[in-house]
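Enquirer: Make a model of the complete structure from these sequences and hints.
Line by line, the protein sequences give chains B and C. Quick note on our numbering: the first sequence kicks off at 24 and runs consecutively. Quick note on our numbering: the second sequence kicks off at 24 and runs consecutively.
No lab work stands behind these hints, which were simulated from the structure alone. Possibly wrong hints are sitting among the right ones.
The list treats identical chains as interchangeable, and a pair is accepted whether it falls inside one copy or across any two copies.
Taking lysine-lysine and the DSS-like style, the derived pairs with C-alpha atoms no more than 30 Å apart in a straight line are [claimed, not checked]:
#1 Lys68 <-> Lys38
#2 Lys138 <-> Lys186
#3 Lys119 <-> Lys88
#4 Lys221 <-> Lys248
#5 Lys270 <-> Lys119
#6 Lys31 <-> Lys270
2 protein chains.
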Amino acid sequence: MKVISSLKEMTLFSKKASAKGSIIGFVPTMGYLHEGHLSLVRRAKKECNVVVVSIFVNPSQFGPKEDLAKYPRDLKRDLALLRPLGVDVVFYPQAKVMYPFGCAAYVDIGGNLTKKLCGAFRPVLFKGVTTIVAKLFNIVLPSKAYFGQKDAQQCVVLEKMVKDLNFPLQVVTLPTVREKDGLAMSSRNSYLAPDERKDAAVIYKSLMLARQMIKKGVRSSIKIKSAMIKELNTVKHIELQYISIVKAETLEDLKTLSGEIIIALALKIGKTRLIDNIRLKL
Amino acid sequence: MKVISSLKEMTLFSKKASAKGSIIGFVPTMGYLHEGHLSLVRRAKKECNVVVVSIFVNPSQFGPKEDLAKYPRDLKRDLALLRPLGVDVVFYPQAKVMYPFGCAAYVDIGGNLTKKLCGAFRPVLFKGVTTIVAKLFNIVLPSKAYFGQKDAQQCVVLEKMVKDLNFPLQVVTLPTVREKDGLAMSSRNSYLAPDERKDAAVIYKSLMLARQMIKKGVRSSIKIKSAMIKELNTVKHIELQYISIVKAETLEDLKTLSGEIIIALALKIGKTRLIDNIRLKL
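Expert: This is the structure:
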């Protein structure tokens with residue numbers, strides 16, 4: 024397993040691999056890896072000849088009051104987790120190498136897609152994400168790129184970017200990996216104090232409640248949201264940011280549920296912001 | 024010479040050529056080709072194994088009151104000009120194929136670079152250019168892309184885009200090709216009535232006057248601009264949009280000339296907007 028920090032070296036590696044006919048699978052991460060990331064790597068390993076994992080905490084997707092400085096980092100641990108999986112390259116660039124000219128050029132998505140759900144609470148997030156992912160795609164030159172369904176809006180946004188800008192690759196989205204009590208795995212779970220961690224299980228509980236209601240035939244968005252809010256409020260110190268029930272492909276709000284839908288929510292437990300969602304076919 | 028209209032077919036062609044070790048040279052155009060375009064094609068042919076020329080009048084770079092509808096088009100003539108040059112592929116996509124999902128994702132450049140000079144008069148121009156060129160780069164996958172110095176600001180903007188977003192290719196800028204009387208070749212010259220065409224020679228005259236003054240030691244931007252305006256005003260029906268004297272790399276305005284500079288101007292003769300520039304090393 025090679026660790027590459029140089030952009031040129033990374034691109035050269037990928038060009039050589041492609042010239043040999045290799046399919047390059049790419050898993051972009053911000054490090055502090057968990058089973059969610061590792062499930063992406065395992066799938067990439069199955070589907071591709073060469074697997075590249077990037078570890079880069081991207082400054083441009085954090086707002087000025089967000090957790091860039093304290094975002095957890097542990098390269099040694101990450102490398103130890105990736106080595107047994109047969110990863111070919113860990114791409115680990117420095118911020119000054121990724122943004123040496125400042126950040127003048129950028130990729131963004133017009134319209135509503137990036138302004139709702141998480142975009143409403145983190146206004147610079149998706150512009151930062153699309154820009155860094157476009158940069159990484161151009162450096163790593165993958166045929167397939169792997170993302171986790173936990174970041175549901177990010178997946179839709181990146182699918183849109185790839186289609187609209189004709190990136191020559193396929194976006195693969197894989198299911199959210201969860202802890203035993205249902206909490207979606209996230210590097211940010213490490214922020215939670217023990218009592219907060221316990222309370223956080225209510226997020227998935229509220230999503231399961233929604234699923235149950237839908238199974239029983241409820242189709243009213245408002246009814247489902249109300250029940251979820253009631254469930255979430257059984258726990259103290261939760262600050263709900265949003266619950267949205269939307270079309271899976273376009274993230275359009277649904278009053279009456281039908282087709283492929285995503286139920287997504289974001290909330291704060293103490294100072295930690297967590298997100299989760301489920302995707303259902305009605 | 025193949026004519027390809029399908030995006031998938033274009034990308035497949037390029038991937039196969041790259042896999043064989045070919046260097047792909049790319050000349051993006053809006054068609055209605057002139058010697059300026061052909062000089063780019065000839066250079067690409069010298070430096071690359073495979074040459075792709077795209078012909079696409081890009082709607083997204085025209086403002087609502089601009090000349091999209093009347094922009095000159097003549098595919099048959101363009102193909103006849105390209106065939107003898109040994110072009111491998113003419114990529115000729117339809118607008119509905121390039122923008123089938125609307126135009127939600129886009130590439131743009133923050134800061135001043137796209138807001139000054141032509142950007143001040145054509146506010147959607149550069150966002151349209153960076154977006155379409157990013158799309159074309161992702162479809163054609165070139166190693167080298169060729170642009171004419173006549174569009175000086177476009178060259179700087181695209182260099183910035185390629186660097187900031189890490190496109191795996193080299194931008195090559197070649198000198199402006201001129202008519203006998205010095206008028207920069209442009210597809211839009213076809214709009215000019217005979218008397219306007221005659222008058223248009225004053226543009227290059229004014230640039231040559233600036234060069235002479237600089238040779239004689241003048242370094243004051245204002246003095247040079249004043250002399251140019253006087254020269255331009257020897258002709259009737261000219262509506263000057265700007266004369267700018269800027270650093271070549273950053274397009275920063277210069278009061279006192281030094282280093283690599285560009286003297287650029289835009290004006291209207293009748294209804295036709297023309298641009299020109301010279302680049303000098305002091």
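Enquirer: So, for every hint listed, does it hold in this structure?
Expert: These are the hints, each one checked on the structure:
In this homomeric assembly, Lys68 and Lys38 come within 30 Å of each other (Cα to Cα) both inside a single copy, at 19 Å, and across copies, at 22 Å. Proximity of Lys138 and Lys186 under a CA criterion of 30 Å is satisfied in both settings, with 19 Å inside one chain copy and 28 Å between copies. In this assembly of identical chains, Lys119 and Lys88 lie within 30 Å of each other by CA distance solely inside one copy; the values are 21 Å within and 42 Å between copies. Taking the shortest Cα distances, Lys221 and Lys248 sit within 30 Å of each other inside one copy (22 Å), while across copies they are farther apart (71 Å).
Only between protomers do Lys270 and Lys119 lie at most 30 Å apart by alpha-carbon distance; the minimum there is 25 Å, versus 39 Å within a single protomer. For the homomeric pair Lys31 and Lys270, the shortest alpha-carbon distance between copies (28 Å) is at most 30 Å, but the shortest distance inside one copy (40 Å) is not.
Violated hints: none; the structure is consistent with every hint.
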